[in-house]
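Asks: Residue numbers (my numbering), protein chains in the order written: chain P, 366 to 570; chain E, 366 to 570; chain S, 366 to 570.
Because the hints were derived from the structure by calculation, they are not lab data. Treat the hints with care, since some could be wrong.
No copy is singled out in the list; a pair is fine if it fits within one copy or between any two copies.
[As the list claims (entries may be wrong)] 25 Å max Cα-Cα, derived SDA-like pairs, lysine to any residue:
id, residue 1, residue 2
1, Lys476, Pro457
2, Lys476, Ser540
3, Lys429, Lys476
4, Lys429, Arg394
5, Lys476, Tyr446
6, Lys429, Phe524
7, Lys476, His448
8, Lys429, Ile531
9, Lys429, Arg395
Quantities reported herein were computed from a predicted structural model and do not represent experimental measurements.
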Amino acid sequence: MINVNVLYFLDLLGTAAFAASGALAGVQRRMDLLGVVVLGLVTAVGGGTIRDVLLGTLPPFCFKDENYLYLSIVVALLIFYFHHSLDFLHRPLLYFDALGLGTFLVIGTGKALAYHHGFLVAVMMGVMTATAGGVVRDVLSDQVPFILQKEIYATACIFGGILYYILYRLGVNESLTAVIAALFVVIIRVIAIHRHWSLPVAKID
Amino acid sequence: MINVNVLYFLDLLGTAAFAASGALAGVQRRMDLLGVVVLGLVTAVGGGTIRDVLLGTLPPFCFKDENYLYLSIVVALLIFYFHHSLDFLHRPLLYFDALGLGTFLVIGTGKALAYHHGFLVAVMMGVMTATAGGVVRDVLSDQVPFILQKEIYATACIFGGILYYILYRLGVNESLTAVIAALFVVIIRVIAIHRHWSLPVAKID
Amino acid sequence: MINVNVLYFLDLLGTAAFAASGALAGVQRRMDLLGVVVLGLVTAVGGGTIRDVLLGTLPPFCFKDENYLYLSIVVALLIFYFHHSLDFLHRPLLYFDALGLGTFLVIGTGKALAYHHGFLVAVMMGVMTATAGGVVRDVLSDQVPFILQKEIYATACIFGGILYYILYRLGVNESLTAVIAALFVVIIRVIAIHRHWSLPVAKID
């Protein structure tokens, strides 16, 4: 089935997609070169870093393996200098982003369970790994975070995390658990992109 | 005097009140279901979590006892679906919030002192436990944090923390210290609500 | 050459300058007394604190030596009450701020290398020590962080960090390395102030 190398490859692919989305947000906000790189970095590795801070597994993953940092910086630089010629990437990026979402969720939930945390913490760590980088990106861009406002984005992660937990408790093989939960998130997310699903908003009058 | 169970009960009551205030902020900002739950959670457990990160006592309290998380989520869901019928709770919520403020302050200052920190750190950890969740709530809602702008809110905590430290140094029984400092914060806060007290603002021209 | 006392003195001088810049931002945003003190504190010790959280060296430096906290609070109080009479400090403050930038960079990069981190982490920890407090200040003031938008500020730190790393790898004496890298940052920064240098912004149309 899945092995560590495949998961690492998917992780890097997701990291690159998240770095691209962060860098693009910086370009759109007319930030300078450094701002674009910072937003790319924060979006790509921010979620996993916050997870590691909360789990107390410090220093965070990207300090131990600097490839995540180098990759994010290179992607952000490419976006900064060539974003005009990269329009054809817009659609593929959405799918890579969905792939990153599923991979990050699985890594976060798996890590929390490996440290013997309970159900809710496991799901939250998965969701946070997948979405907290984007939240920091939006806070730094002085906007209400995207995931607090629209679309089935974090929601796909929540259900993916619950699915992971159930399979884990049922004793399903760890690799299979990861594949199923990640695919679940990716599929929900892709359908949501196509159908423009969103969550209900509370009525105030 | 006070015992651990009473403090735990007050802690949960304060957690619920803080979760309600966070969730209400989300409803008012027209966030979706997930946004409301996230704001409720962050407001309720954010202060204690940041305290535990800074003290290095990781994972944070709410990872070891998930009741805080379940309670915050349930309260946020109730606010999301029933906030129209909960108007009668507006006034009681302010008082529960004051109770939470006093309880959180006492827990934070007490924990810092148990880890042998100095005066200023002890007071700051108390104030942070009581108010940092609200600061994160406001940052995520894209607003200048409430406590940086108005009302005797954190100020009541600061003086409560100083009082706690003095009683602690005088060798007063720990439970009694906690009760007195918490009551002090609650009373100041309740008077401030009634009298609309606020701090001076620097004059610029 | 440089010794620990000189570095400690420069560190406190930089802390005071950063606290002043944070407190002034609070005054300009019409915050109350507490808000001004919080912004001063966060700007002065926020960068080093976030560095210590990420390196896992908790509790952070300013919890172990409360002088940083007392100094920041006193400076913020002075700014709050006397900012009208302190106009003559505007120019000197810019230079003290540059000094703080160089000192904080050197402390952060040096600490990361002492913990055996790689090149990129060492540079990032230096830059973060010098600039993250300002980022938090701007987020709390509900603004897009200054360093993401304009001027050679963090950029001077990045090149200072790279210089530090190279000298360190070449086996240059640690004190000399610190002096050279810090001076480099200060000089670049002072020139940037005089010439109004800024980084390129990505073109969008």
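Asks: Hint by hint, note whether the structure agrees.
Replies: Verification of the hints:
Neither within a single protomer nor between protomers do lysine 476 and proline 457 lie at most 25 Å apart by alpha-carbon distance, with minima of 28 Å and 41 Å respectively. In this assembly of identical chains, lysine 476 and serine 540 lie within 25 Å of each other by CA distance solely inside one copy; the values are 13 Å within and 38 Å between copies. In this assembly of identical chains, lysine 429 and lysine 476 lie within 25 Å of each other by CA distance both inside one copy and across copies; the values are 16 Å within and 16 Å between. Taking identical chains as interchangeable, the C-alpha atoms of lysine 429 and arginine 394 are never at most 25 Å apart, the minima being 31 Å within one chain and 39 Å between chains.
Taking CA atoms no more than 25 Å apart as the test, lysine 476 paired with tyrosine 446 passes in neither setting, with 36 Å inside one copy and 33 Å between copies. Taking the shortest alpha-carbon separations for lysine 429 and phenylalanine 524, only the inter-copy value of 22 Å comes in at or below 25 Å, while the best intra-copy value is 30 Å. In the homo-oligomer, the alpha carbons of lysine 476 and histidine 448 never lie at most 25 Å apart, since the shortest distance is 35 Å inside one protomer and 36 Å across protomers. In the homo-oligomer, the alpha carbons of lysine 429 and isoleucine 531 lie at most 25 Å apart only across protomers (20 Å), although the nearest pairing inside one protomer, at 31 Å, exceeds that limit.
With identical chains, the CA atoms of lysine 429 and arginine 395 are never at most 25 Å apart, being 32 Å at best within one copy and 40 Å at best between copies.
When each numbered hint is compared with the structure, violations occur for hints 1, 4, 5, 7 and 9.
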